[in-house]
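Engineer: Sequence:
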Amino acid sequence: VQLQASGGGLVQAGGSLRLSCLASGSINSVNTVSWHRQAPGKQREWVASITSSDDTNYADSVKGRFTISRDNAKNTVHLQMSSLKPEDTGVYYCKYTSAIDTSYYWGQGTQVTVSS
2 VQLQASGGGL VQAGGSLRLS CLASGSINSV NTVSWHRQAP GKQREWVASI TSSDDTNYAD
62 SVKGRFTISR DNAKNTVHLQ MSSLKPEDTG VYYCKYTSAI DTSYYWGQGT QVTVSS
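Under the working numbering, residue 117 is the last one in the sequence shown; the count climbs by one each step, no gaps.
Derived from the structure by calculation, the hints contain no laboratory data. Computed from a prediction, not measured in an experiment: that's the story for all the values here. Hints should not be assumed to be uniformly reliable.
Below, a list of computed lysine-lysine pairs in the DSS-like style, where the Cα atoms sit at most 25 Å apart [stated by the list, open to error]:
no.	residue 1	residue 2
1	LYS86	LYS43
2	LYS96	LYS75
3	LYS64	LYS86
4	LYS43	LYS96
5	LYS75	LYS86
6	LYS43	LYS75
7	LYS96	LYS64
Turn these sequences into a full structure, and let the hints steer you where they fit.
Structural biologist: Given below as structure tokens:
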């Protein structure tokens with residue numbers, strides 16, 4: 002499975018960005034795609050996830066501001082980020098986890114910078 006993350010950029014506080022994660026390769030029909038982020042000098046943290054049944058979960062820090070969704074026809078998962086804050090700055094990674102064999106794969110990351 003290969004993952005390609007895109008959509009990052011520089012935005013002012015209060016702005017919005019939409020990240021996309023395109024999956025290709027041997028994709029199982031039962032899976033979870035999640036977004037994680039890593040700020041400079043900090044550990045990578047989980048942000049949001051969506052299952053193949055469209056069940057979603059969010060970290061408390063982004064709940065109400067971020068929305069994760071998937072387009073199965075295009076093998077793409079989106080992360081719509083609104084009301085962005087400087088503390089949302091970091092490299093955002095998508096992760097694919099198979100529910101069948103528990104294998105997982107990471108995308109290459111996309112930089113999000115929120116200026117104050």
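Engineer: Hint by hint, say whether it matches the structure.
Structural biologist: Against the structure, the hints come out as follows:
1. Between LYS86 and LYS43 the alpha-carbon distance is near 17 Å, which keeps this suggested pair within the 25 Å criterion.
2. A hinted pair counts as satisfied when its Cα atoms are at most 25 Å apart, and LYS96 with LYS75 qualifies at roughly 16 Å.
3. Annotation: proposed proximity of LYS64 to LYS86 holds, straight-line Cα distance about 13 Å (limit 25 Å).
4. Using a Cα cut-off of 25 Å, the hinted pair LYS43 and LYS96 holds, with the two alpha carbons roughly 18 Å apart.
5. Taking the CA atoms of LYS75 and LYS86, the gap is near 30 Å; set against the 25 Å cutoff, the hint is violated.
6. For the proposed pair LYS43 and LYS75, the alpha carbon gap of about 33 Å is over 25 Å, so the pair is violated.
7. Distance hint between LYS96 and LYS64 is fulfilled; the C-alpha atoms sit about 19 Å from each other, no more than 25 Å.
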